[in-house]
Amino acid sequence: MIYWLDLIGTFVFAISGALAAWDKKMYHDIFGVSFTAFVTSIGGGTLRDLILGLRPLWVSNPNYIIAIALGVVVTILFRVYLLRFRRSIFLFDTIGIGFYTVIGLQKALLYGVHPWAAVILGMISAIFGGVIRDMMVNEIPLIFSRQIYATACLAGATLFIGLRYAGVHEDWNMIASILLVIAIRLTALKKGWSLPYLAKK
Amino acid sequence: MIYWLDLIGTFVFAISGALAAWDKKMYHDIFGVSFTAFVTSIGGGTLRDLILGLRPLWVSNPNYIIAIALGVVVTILFRVYLLRFRRSIFLFDTIGIGFYTVIGLQKALLYGVHPWAAVILGMISAIFGGVIRDMMVNEIPLIFSRQIYATACLAGATLFIGLRYAGVHEDWNMIASILLVIAIRLTALKKGWSLPYLAKK
Amino acid sequence: MIYWLDLIGTFVFAISGALAAWDKKMYHDIFGVSFTAFVTSIGGGTLRDLILGLRPLWVSNPNYIIAIALGVVVTILFRVYLLRFRRSIFLFDTIGIGFYTVIGLQKALLYGVHPWAAVILGMISAIFGGVIRDMMVNEIPLIFSRQIYATACLAGATLFIGLRYAGVHEDWNMIASILLVIAIRLTALKKGWSLPYLAKK
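Protein chains in written order, with my numbering: chain A, 1 to 201; chain B, 202 to 402; chain C, 403 to 603.
In case anyone wonders, no lab produced these hints; they're calculated from the structure.
Do not rely on the hints blindly, as some may be mistaken.
[Claimed, not checked] Quick look at which bits of chain B chain C covers, simulated, 3 or more residues with Cβ under 8 angstroms:
1) 232-246
2) 258-265
[Stated by the list, open to error] Chain A stretches covered by chain C per the calculated footprint, using a threshold of three residues with CB under 8 angstroms from any CB of chain C:
3) 34-42
4) 62-69
Cβ atoms here follow ideal geometry from the backbone N, Cα and C, with glycine treated the same way.
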């Protein structure tokens with residue numbers, strides 16, 4: 001089940017990467033869009049696996065590449081339709097970030113990482129692909145905006161570690177942590193929450 | 202023989218990196234030029250090797266570092282001359298990309314990677330150094346321009362996989378695939394080919 | 403002792419990253435500042451360890467994460483005070499770069515890397531975190547400015563290799579090499595040294 005959720009997350013992130021590449025530049029060829037989709041969807045997990053000393057899954061399992069290709073095709077065919085439903089894209093993206101955070105965290109713990117470092121690796125899994133994407137299109141990465149974004153991942157990851165120590169069953173723990181990430185981000189959007197300013201220039 | 206071609210590719214890419222650093226900024230000290238040459242020539246192969254779980258070759262073999270240093274010295278001494286022959290630089294760059302694609306693809310297959318992922322790793326070998334270089338000098342990476350660039354690598358890599366399945370001898374296969382990369386890129390330049398626009402803003 | 407110096411270096415680099423994120427953008431939330439501090443302080447060592455095929459230390463040892471968190475807290479609490487003493491920050495940063503260069507170089511040699519590649523890995527340890535930081539905030543990386551920066555690291559690393567071949571005791575060698583990095587950078591600042599221009603546009 002985690003495997004299928006991971007593939008769905010890859011597909012959803014590929015769509016978000018392809019849409020971003022398309023919107024942010026004047027012109028884009030099909031390769032630029034595909035490359036951005038690829039980096040956005042596998043960047044975070046690849047960095048996490050390299051730090052853990054593992055070979056990234058997409059290297060041995062072609063289904064990840066198929067999921068990304070599908071995401072690009074869907075974006076090209078249904079772009080106008082997708083943009084009309086930006087809210088649903090945001091929802092999918094949020095679900096993807098929730099899953100990636102918890103899956104990355106679990107994987108890191110499985111390979112003997114210290115819990116605090118595991119929290120960071122979970123966040124890297126969810127966030128890093130988008131950071132590279134934004135750097136490539138020469139934008140200040142989204143995580144630097146005042147939107148509640150990485151903070152939601154951090155909250156979910158912290159809850160997961162806490163419930164684990166409290167002895168809660170892994171499955172219930174996963175569901176609760178993922179829902180927390182999603183709930184925080186959706187509520188933040190609705191209520192217009194943002195982190196406090198640290199400084200004005 | 203592959204080893205020597207790899208060294209020549211390193212040398213050629215170092216020149217292309219050094220020229221780029223020099224041209225794109227107002228002032229550049231000798232270190233910025235050397236660093237850009239280094240990253241451009243070993244960035245792609247290093248990322249490929251990290252993903253494959255191997256130690257990059259330049260770490261154990263000083264000849265790669267010598268090749269890069271030679272490339273920087275040649276650039277500093279003969280810059281004006283090199284720029285006069287931009288077309289020959291373009292040719293060398295194209296040859297380098299052709300070789301890197303096929304060498305990277307072969308290496309990935311040798312280490313048990315799925316063919317589709319191997320195609321991507323071959324392209325990463327050829328392209329990623331230039332992507333980091335462009336990000337460092339704050340330009341939109343060249344691969345996002347409408348020039349036929351990554352598409353040529355993709356075509357060569359796909360041909361290699363196809364001929365391999367067809368049972369063609371590895372040496373002939375390499376030569377054919379490399380020539381395809383070079384032929385596509387040179388023809389694209391001559392004929393002014395570009396990928397179709399996906400969108401106008 | 404090296405372990406403690408490494409932790410102090412992590413703390414100092416975290417402060418330098420947090421200050422940079424704060425100063426360079428209009429607004430910054432607490433997460434952007436923390437993330438930049440994290441990347442600045444562990445980016446170089448992480449890349450070095452990945453290339454060496456090792457798991458980065460911060461993954462298993464929480465003290466590095468504590469050092470970074472402390473650096474962020476100190477920055478938030480004492481920012482005005484820290485900026486008043488920019489010169490002392492510069493001094494700490496310079497000390498950090500000196501230590502990171504030599505520690506990285508030693509580690510690379512310990513794992514059987516060729517001396518020239520070890521020099522490069524030492525420089526990567528000291529410099530790479532700052533390069534990513536500058537790329538994230540969309541600035542031309544500092545190492546490309548004409549300031550004597552990477553050149554000081556290169557000089558210290560070269561001295562270390564030279565004294566090692568000359569049979570000088572490792573401890574004295576370390577001290578001498580670190581002092582050379584610091585001395586060059588401080589003198590360069592005082593005297594206004596810079597590398598020669600390679601070109602004017």
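Report holds or violated for chain C covering the segment 62-69 of chain A, Cβ cut-off 8 angstroms, minimum 3 residues.
Our answer is that it is violated, as 0 residues pass the Cβ test (under 8 angstroms) against chain C, missing three.
Stated coverage of the segment 258-265 of chain B by chain C [criterion: 3+ residues, CB within 8 angstroms]
Check passed, 5 qualifying residues.
Note to self: Taking 8 angstroms as the Cβ threshold, is the statement that the segment 232-246 of chain B is covered by chain C upheld or broken by the three-residue rule?
What the structure shows: holds (count 5)
* To do: Count the residues of the segment 34-42 of chain A whose CB lies closer than 8 angstroms to any CB of chain C, then report whether that count reaches three.
  => Our answer is that it is violated, as 0 residues pass the Cβ test (under 8 angstroms) against chain C, missing three.
Violated hints, in rising order: 3 and 4; the structure is consistent with all others.
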